[in-house]
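For chain Z, the structure is supplied; the task is to place chain L on it using the hints.
Residue numbers (this note's numbering), protein chains in the order written: chain Z, 3 to 753; chain L, 1245 to 1396.
Since the hints were derived computationally from the structure, they do not count as laboratory data. Hints are supplied without guarantee of correctness; some may be wrong.
Anything over 12 angstroms on all C-beta distances counts as not near chain L; from chain Z, calculated [claimed, not checked]:
1. ILE184
2. LEU235
3. ARG244
4. GLN332
5. ASN384
6. SER413
Computed spacing ranges between beta-carbons, pair by pair [what the hints assert, rightly or not]:
7. Z:ALA701 / L:LYS1311: 25 to 33 angstroms
8. L:ILE1322 / Z:HIS643: 53 to 61 angstroms
9. L:ASP1294 / Z:THR201: 47 to 55 angstroms
10. Z:ALA236 / L:ILE1256: 46 to 54 angstroms
11. L:ASP1294 / Z:HIS643: 50 to 58 angstroms
C-beta atoms are modelled at their ideal positions from N, C-alpha and C, and glycine is treated no differently.
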Amino acid sequence: MKRRSFLLGALGVGGALIVGWSFLPPRSRIGTRDTLPPDADAVTLNGWVRIGRDGTVSVAVPRSEMGQGVHTALPMLVAEELDVPLALVRVEQAPFDAIFGNVAMLVTGLPFHPDARQSALVRTSEWIVAKLGRELGLQVTGGSTSVRDAWWPMREAGAAARAMVLEAAARHWDVPLGDCSILDGVVRNIDGRQVSLGTLVGALREVPIPTNAPLKDPRRFRLIGQSAPRLDLAEKVTGRARFGIDVRLPGMLYATVRTCPIIGGGLGRVGSEAALGMPGVVRVSTLPGMAGSAPGVAVVANSYWAAKQAIERLEIEWHPGPNAKLSSAQLMLELRHALATQTGIAFHRRGEGAAALARAARIIDAEYDVPYLAHATLEPMNCTAQFVDGRLRIWAPTQLPSVLRHVAARSAGIDSELVDVTVTLLGGGFGRRLEVDFVPQAVSIARDVAPAPVQLIWSREEDMTHDFYRPAAVARLTAGFDLNNRPLVWITRSASDAIVPQYLRRAYPDFAVDYPDKTTAQGLFDQTYEFPHRDCAHVAHESPVPVGFWRSVGHSHNAFFVESFIDELAYAAGRDPFAYRRELLAKHPHYRTVLELAALKALWGRVRPGRAQGIALHESFGSIVAQVAEVSLANGGIRVHRVVCAIDCGTVVNPDIVAQQMEGGVIFGLTAALHGRITIRDGRVEQSNFPDYEMLRLAQAPVVETHILPSSAPPGGVGEPGVPPIAPAVANAVFRLTGKRLRSLPLRPQS
Amino acid sequence: MEIKVNGKTTEIEVDPAMPLLWVLRDVLNLTGTKFGCGIAACGACTALVDGLAVRTCVTPVGSVAGKAVRTIEDLGGIGLHALQQAWIDKQVPQCGYCQSGMLMAAAALLSANPRPSDAQIDAAISNICRCGTYQRVRAAIRSLARVVREGM
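The following block holds chain Z by itself, in its conformation from the complex:
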């Protein structure tokens, strides 16, 4: 497919609609007094803010808290503009309304190279997709977009609320508006009188929503930029925090499932007599498989334990289906073959592209590969459902309540309006909870036991063997240099399964347009090292393996490819890897500054004997991250002692949350770099629990130091950008220690 038609394809989600409304003014996202459900003890000021008689400020948060701190960072945006202390703020789940849709996620999903950011094509495309996003109203937490998306609407909602509070105060005292002010939640009259927010609730009911309340000058920020303590920790250290698995309802039953262990296989005969005779067992149900879930069997009982005991006693025959011989080793060969024989989709081309290779005096190339990976959220998949009073109620730890509701309604055969969704805290998300495969299962089981509520809990084994895996990938990188050894041409060819088309088919078939998938090529086609001629293409190779979005998605492996290869080029040129990168970034000072900060803080080049440093730089999700890893080898294993991390993520809302995300990103990426590998044999995933899919633990955890570049640009993402650079930083350090280039993950220095 040509680049032009693929761009049109990427925009083609509702492309015909675009023509009709692209000239309408942007839809306001501030909402109305009716956006939120009524609350007799509070006054609703707009779609995001209400003030209670007790003086608390309730903020509607449409994003899921999965550890990344959005239930603190997003309320901070409102609290800043409203000028109330964070201690007064309560988080409330946002209802379904278009104002809460994640527009930034769609806009940032466009496949453009960073060098093209100011072009008319890019700006027009972004403008159109933003409009589409406002219409679609998709409530989704992902793509490190929560703060980026909320940056304008939630500050505007806070500013509008502030203007209303001042207006209400002026009416309360019958004084000019200019006599009233608010600071730290206290409303003051110029004559010294004060009034609490709660007292103004009555007056606030009469004040209209302003249309143009001014936003604060960033120089006057008091909260944004501060490491405010997280709002969710008191409940998380006392066991009071409620995750999906902690939902407790009167008369609730528990269920667990066993689904076909062979990818694409089916359910045959089920012998359930022994299981039904077990104590506490209520029923055995079969599940057809839907929204990405495999066909299988559920057992309902009065505790998870009883259900789990009984499911072990089921006699199940599985139909092996078409993939009974599927193996990941064979799939890797297929990927290599696809890479060698297909041209793929061109994501980026500059100058003469690959043709410039003919003029190169010196050519260096290398091939890399990475395996499938599981998400392994610590809270296993679960979902609670109940059919009662003609409605379907769902409680779920989900990143995507909009699609969850749609899929629940579809599987129940009812209208979406009849489905209530409560989003609980998430015991980890990492992209796994963008999937809704467990929803039709819970709905089906709940219908069988209606009106009793039922909590479906997967075993760890079910969770690990029925994930939507980070795709395996192979890549060949080629660089050509001229007679003076100057960079001439940069070519990347990669092959992996494509996530988005597969995802849409299973979760959102109404939108299943088969357009090129940027997600698996991102971070490979859009790097900024200066080569005059560039050519980057990706082969989407379809396999039966379920693949999905894994924290940082394509960047998770593409940074390994690019940053390892750049390191190879540096050593081939006899140059220091830091100095070499610096030079290739001469026209991109923004990236160079981040690289330099990491090198400076890590004391690049000064390391104690027996250790070595490795450096890597990668941009993803609107932020640039550089990491320097300090590594040694002991008993053949890799030990990472310290990671210095520099990030430019634009305006920082909460520096300590950024640091948390860098620390977490490094551990997540390092777990994959040192241990992560999902393999498939005879159509089955071979790993089933933590001993065979090992996690980094405290004893192996490095100290991560985070340094944030000051910036006044709009915020970038932070949930994912800490992940991509760590694997190449460590691999590059290992090369310095051993002289051996490791081109596969996980890193095995002895193999």
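Same frame as chain Z, but now just chain L:
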């Protein structure tokens, strides 16, 4: 059988083979103790039995008869335990799912050894945290070890 949890004795009718985890969660509705792996590999289900850290997902409830079980809900009694305060001071949790188990493992460690070395912390805290809060867990435990030292 009778079970003593958080200082309170309760009569329960369950199979003695039922793991303590599911008795806590599904019978007593004490949901602070979490399910992660079911095979004692991750530590999310850690609680104290007679002051020792145990992985409740593989501990038959019959084996804790007559012993004192303590869960995260009672770690601080009516207020916060010093460890819980340290966890907040160091802003340890992210998603928080593993943190009950982390805290109980740390509580068992500090009650047996108020001044653990880093190697002793490594050995005692083998819990999985998928969010990667390890360095803050270590810092929180260390900060408390220092408080203990200063108080002596």
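We went through each hint and held it up to the structure:
no.: 1; hint: ILE184; verdict: holds (28 angstroms)
no.: 2; hint: LEU235; verdict: violated (5 angstroms)
no.: 3; hint: ARG244; verdict: violated (7 angstroms)
no.: 4; hint: GLN332; verdict: holds (30 angstroms)
no.: 5; hint: ASN384; verdict: violated (9 angstroms)
no.: 6; hint: SER413; verdict: holds (25 angstroms)
no.: 7; hint: Z:ALA701 / L:LYS1311: 25 to 33 angstroms; verdict: holds (29 angstroms)
no.: 8; hint: L:ILE1322 / Z:HIS643: 53 to 61 angstroms; verdict: violated (42 angstroms)
no.: 9; hint: L:ASP1294 / Z:THR201: 47 to 55 angstroms; verdict: holds (53 angstroms)
no.: 10; hint: Z:ALA236 / L:ILE1256: 46 to 54 angstroms; verdict: violated (30 angstroms)
no.: 11; hint: L:ASP1294 / Z:HIS643: 50 to 58 angstroms; verdict: violated (38 angstroms)
Of the numbered hints stated above, those contradicted by the structure are hints 2, 3, 5, 8, 10, 11, listed in ascending order.
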